[in-house]
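Asker: Spelled out, the chains give:
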Amino acid sequence: MKKSHIIILVGIAVLIAGLLAYSADFSTYDSIASAKHKEGKFVHIIAKLDHNYPLEYDPLKDPNYLSFYAIDSLGGSTKVIYRNSKPTDIEKSERLVMKGKMQKDHFECSEILLKCPSKYKDDKKQLEKNMQEQTSAAAQH
Amino acid sequence: MEFIGEHLLPGQFGHFFVILSFVASLVAVISFFLASTHKNDLQKTQWLRLGKAAFITQALCIFIIFALVFYICSQHLYEYLYAYKHASKELEPKYLLACIWEGQEGSFLLWSIWNALIGLLLMRKNALSKAPVLTASSLAQFFMMLMILGIYIGDTRIGNSLFSLTRNEINGPIFNQPNYLVFIKDGMGLNVLLRNYWMVIHPPVLFLGFALCLVPFGYAYSGLLTKKYGDWVKPALPWALAATAVLGSGIMMGGKWAYESLSFGGYWAWDPVENASFVPWLIMVAGLHTMLIYKATGHSLRASYFFSILSFSFVLYSTFLTRTGILGDTSVHSFTEAGKAINIMIGLFVASFVIPALVLFIVRYKKIPAIVKEENTDSREFWMFIGSLVLFFTALFIIAKTSLPVYNKIFGTSMAAPQDVEFSYNKVALMVAIILGLLTALTQYLKYRNTTRSYFLKKLMWPTLMAVLATALLVVFYPLEFHKHGAGFLGAIYLGAFATIYSFFANVFYIWLVLKGKLVNAGASIAHAGFALMIVGMLISSSNKEVISSSLVNGINMPGMIDPMTKQQDNPMENLTLIRDVPTRMGPYEVTYRSDSAGHEKGRKFYRLHFNKKQKNSKQVSESFILEPDVYQMKDNNMSSNPDTKSYLTRDIFTYISYALSGKNTEDTSQFNIVTLKPGDSSFYSRGYIILNSVKKNPINERYHFAPNDMALMADITVVSKDSMHYPAMPLIQIDSLNQVQLTDDTVYAQNLFLRFAGVTDSAAIRIGIKESDEPIDFVTVKTYIFPGINLVWLGLVIMGIGVILSLLHRLQLNRTQTLMALIPIALALFYLFLLAN
Numbered sequence: 002m003k004k005s006h007i008i009i010l011v012g013i014a015v016l017i018a019g020l021l022a023y024s025a026d027f028s029t030y031d032s033i034a035s036a037k038h039k040e041g042k043f044v045h046i047i048a049k050l051d052h053n054y055p056l057e058y059d060p061l062k063d064p065n066y067l068s069f070y071a072i073d074s075l076g077g078s079t080k081v082i083y084r085n086s087k088p089t090d091i092e093k094s095e096r097l098v099m100k101g102k103m104q105k106d107h108f109e110c111s112e113i114l115l116k117c118p119s120k121y122k123d124d125k126k127q128l129e130k131n132m133q134e135q136t137s138a139a140a141q142h
Numbered sequence: 002m003e004f005i006g007e008h009l010l011p012g013q014f015g016h017f018f019v020i021l022s023f024v025a026s027l028v029a030v031i032s033f034f035l036a037s038t039h040k041n042d043l044q045k046t047q048w049l050r051l052g053k054a055a056f057i058t059q060a061l062c063i064f065i066i067f068a069l070v071f072y073i074c075s076q077h078l079y080e081y082l083y084a085y086k087h088a089s090k091e092l093e094p095k096y097l098l099a100c101i102w103e104g105q106e107g108s109f110l111l112w113s114i115w116n117a118l119i120g121l122l123l124m125r126k127n128a129l130s131k132a133p134v135l136t137a138s139s140l141a142q143f144f145m146m147l148m149i150l151g152i153y154i155g156d157t158r159i160g161n162s163l164f165s166l167t168r169n170e171i172n173g174p175i176f177n178q179p180n181y182l183v184f185i186k187d188g189m190g191l192n193v194l195l196r197n198y199w200m201v202i203h204p205p206v207l208f209l210g211f212a213l214c215l216v217p218f219g220y221a222y223s224g225l226l227t228k229k230y231g232d233w234v235k236p237a238l239p240w241a242l243a244a245t246a247v248l249g250s251g252i253m254m255g256g257k258w259a260y261e262s263l264s265f266g267g268y269w270a271w272d273p274v275e276n277a278s279f280v281p282w283l284i285m286v287a288g289l290h291t292m293l294i295y296k297a298t299g300h301s302l303r304a305s306y307f308f309s310i311l312s313f314s315f316v317l318y319s320t321f322l323t324r325t326g327i328l329g330d331t332s333v334h335s336f337t338e339a340g341k342a343i344n345i346m347i348g349l350f351v352a353s354f355v356i357p358a359l360v361l362f363i364v365r366y367k368k369i370p371a372i373v374k375e376e377n378t379d380s381r382e383f384w385m386f387i388g389s390l391v392l393f394f395t396a397l398f399i400i401a402k403t404s405l406p407v408y409n410k411i412f413g414t415s416m417a418a419p420q421d422v423e424f425s426y427n428k429v430a431l432m433v434a435i436i437l438g439l440l441t442a443l444t445q446y447l448k449y450r451n452t453t454r455s456y457f458l459k460k461l462m463w464p465t466l467m468a469v470l471a472t473a474l475l476v477v478f479y480p481l482e483f484h485k486h487g488a489g490f491l492g493a494i495y496l497g498a499f500a501t502i503y504s505f506f507a508n509v510f511y512i513w514l515v516l517k518g519k520l521v522n523a524g525a526s527i528a529h530a531g532f533a534l535m536i537v538g539m540l541i542s543s544s545n546k547e548v549i550s551s552s553l554v555n556g557i558n559m560p561g562m563i564d565p566m567t568k569q570q571d572n573p574m575e576n577l578t579l580i581r582d583v584p585t586r587m588g589p590y591e592v593t594y595r596s597d598s599a600g601h602e603k604g605r606k607f608y609r610l611h612f613n614k615k616q617k618n619s620k621q622v623s624e625s626f627i628l629e630p631d632v633y634q635m636k637d638n639n640m641s642s643n644p645d646t647k648s649y650l651t652r653d654i655f656t657y658i659s660y661a662l663s664g665k666n667t668e669d670t671s672q673f674n675i676v677t678l679k680p681g682d683s684s685f686y687s688r689g690y691i692i693l694n695s696v697k698k699n700p701i702n703e704r705y706h707f708a709p710n711d712m713a714l715m716a717d718i719t720v721v722s723k724d725s726m727h728y729p730a731m732p733l734i735q736i737d738s739l740n741q742v743q744l745t746d747d748t749v750y751a752q753n754l755f756l757r758f759a760g761v762t763d764s765a766a767i768r769i770g771i772k773e774s775d776e777p778i779d780f781v782t783v784k785t786y787i788f789p790g791i792n793l794v795w796l797g798l799v800i801m802g803i804g805v806i807l808s809l810l811h812r813l814q815l816n817r818t819q820t821l822m823a824l825i826p827i828a829l830a831l832f833y834l835f836l837l838a839n
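Chains as they are written, first to last, in my numbering: chain A, 2 to 142; chain B, 2 to 839.
Same shape as in the complex, but just chain A (with noise of 0.2 Å):
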């Protein structure tokens, strides 16, 4: 390690942590409610669809449209609209990651990640659902 070796790693070592400073613009996991304080900005939510209301997509008359509820663990409920298609099996899932900010009545979502509980043979109460759907025939035998 001479002279100049040590200048140019500084150089890329201040480099990369202006970068990355620059980059730090990271977002927070939120609860609705702690969102609802936060209007405006981009949070993370996790929550589930609440199926007391209807869930509203109509491709015909504008694919980018979906609107549902939500609600989280701690009890929060907020509208959400996502300009987008309906995710697959969104209905099925358990639980939803989503990305976006909460506006006055809705959160404005920009992009929904799912867990759905058919996508993970490793849980085991799912396994014994599904061995139990499939043998329900003889079980009743």
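Hints are computed from structural coordinates only; laboratory data are not their basis. Everything hinted at is true.
These stretches of chain B come out as covered by chain A in the derived footprint (C-beta under 8 Å, 3 or more residues):
#, region
1, 164–176
2, 180–188
3, 381–391
4, 414–422
5, 574–586
C-beta atoms are modelled at their ideal positions from N, C-alpha and C, and glycine is treated no differently.
Put chain B on the given structure of chain A with help from the hints.
Answerer: Chain B in isolation, oriented as in the chain A frame:
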């Protein structure tokens, strides 16, 4: 209870071989370690002999285990949980292997197979000098067997066995019956998202890459242990090259897979799982370069140690990230939580490699020889070293960002990724591309130790001119259109394009001017030229990618959100609904959804979309093609959408179904209203009228092909709607060979109108059934992109792979014929996989 119909023997064998292999790998670890550390030469050889025997034993066991797993899956022995979870009877044979490595346990098995093969290759010659490498290899095998051991210590289970029985693993009333197997009709099968030939190829290549990364690690450890500090670099170098080539193509196969069969709309999304395998590759490439510096000049030995150790350490860290479920919500394709015991074991696996190696490195650091005299700034080694550092820092940046869920876990924070995840990576990656482009362009024109200025400038003249010219042409004739992040970022993209174009030309000219066209020596230049070409392709395809199904492109204004910062629509409306038979404008194309058809796999449905491009003035169709994206619906209602792509040399048109009606049709209650018509007559329906043009006997046209002696009558009808659109319709009546009347109705989807040839009358008139359905209209919602320059990405990648492999063959000192024999099949395979197979 005695159970009927179970095949327990393969499982018992399997379990036995897993335990044997576990014990044998432990014996191999100890023996190889003693063989490498013992003072007495006789003892050394004895330990080595034992180590070799143990390693061969465990390798054989692993092959047998694999064969047994293959057997239980291919024979659908659902008494085994692994077969029940991953195999199914409707699964095509080509996916049989894929379903083995779908699960955690199977993928560990796959990894250990490669490890075993590499270990056997290593011990073929001079095994004694490689004893430390083999120690590391055996230790990896030990941990992998631990993962699939499946024995209980107290109440904790150590590892998940591939051979555990369904009835022991899951509860259900069914298992109270001795003949329970009769009722398990089928297994769960391979996840539909994974039913793709890439699932057959991509994991083995990726795991081979991981296994190869272990070898330079083992050699670095060997150097530190034996204190022959410099000896390991020469034998380790070919392995580092092989790891670079294999891991690199493995990663990009994942990208190609995502691009052509998953609806991500791209080949790279900076997903944590992608990053986790990319980071070890970056560090391996850094290490490769420092090893070359050491061989040529004696500099950078310490860095070679460091990078070789870190590369495999990050392979293990990525295993930890993707397999412990810690990534959870941040990744689309991470494994789920596998249980605490497995997580602890994976942690142990990581720790027992990383910690000893790094501790040994730190302890011996001062003793590793380093040249006191500093490299000149006009020497090749100096700038190569800088390049390695850039790669290393890039890797650190990526892994630091990817590890966000780990910090959250440790510090209890709730940080999440920023709004535009891809941009947060891309802006750094672009800077790196600029630096690496310039470095790979200029550095090779420098000589090792020092370079005269006139030589350097003279040789660089032509490539510089060509690069400036090519970039200027790009600016004028094919400008990049990425305005989303402002003019400054667009400028940086152009700079990146220039740097990489420069690198491409500099490397091509280097082969020509300096190496005088001797391709055998040109591995490095070919690899760099390919790398540059790939980055150019990435810049072009990402900048000029266009969503043509977007409402913005098609001029439909929807009340979207306007972002106050960028003054742009937050969520452009990117999906377009196509009603059956109604042509819809989509960018430069007019697209019509014509029909759907079932695939040969159950639950698979293809949607036929006709794309037409018309010339502006003459209205003539100048381009026409059909795309058939499909949706795969499984019995567990899991759905996956697979895109279809029309590939041209310079661009791809890529489309997938973002929403489709599910298969269940509601009962249609409306009835046919029968009218009697003569040719020329017309009849009204609620939204227009129909005209019977003629009645044809045994018609031959695009839809029907009858022979003269058939008995078929077709009504040629034109439907005229209120908005004066004309639609043809051809209902048909036929008497088949069994004298049964067959009716073929025709549908005008745009009008929701069904027409039936209901019968003939005594006169020339025929009876036509008209039905207006209250069923929902048939339609699909699609998303369509134009990707330009995507072939540059794949071509660049293939060239890079060929370059690295050429260097590898050159290092192995093969003769010309051998080199060609090895290179040509690999080159053809890469070319086929990335550029032809679609």
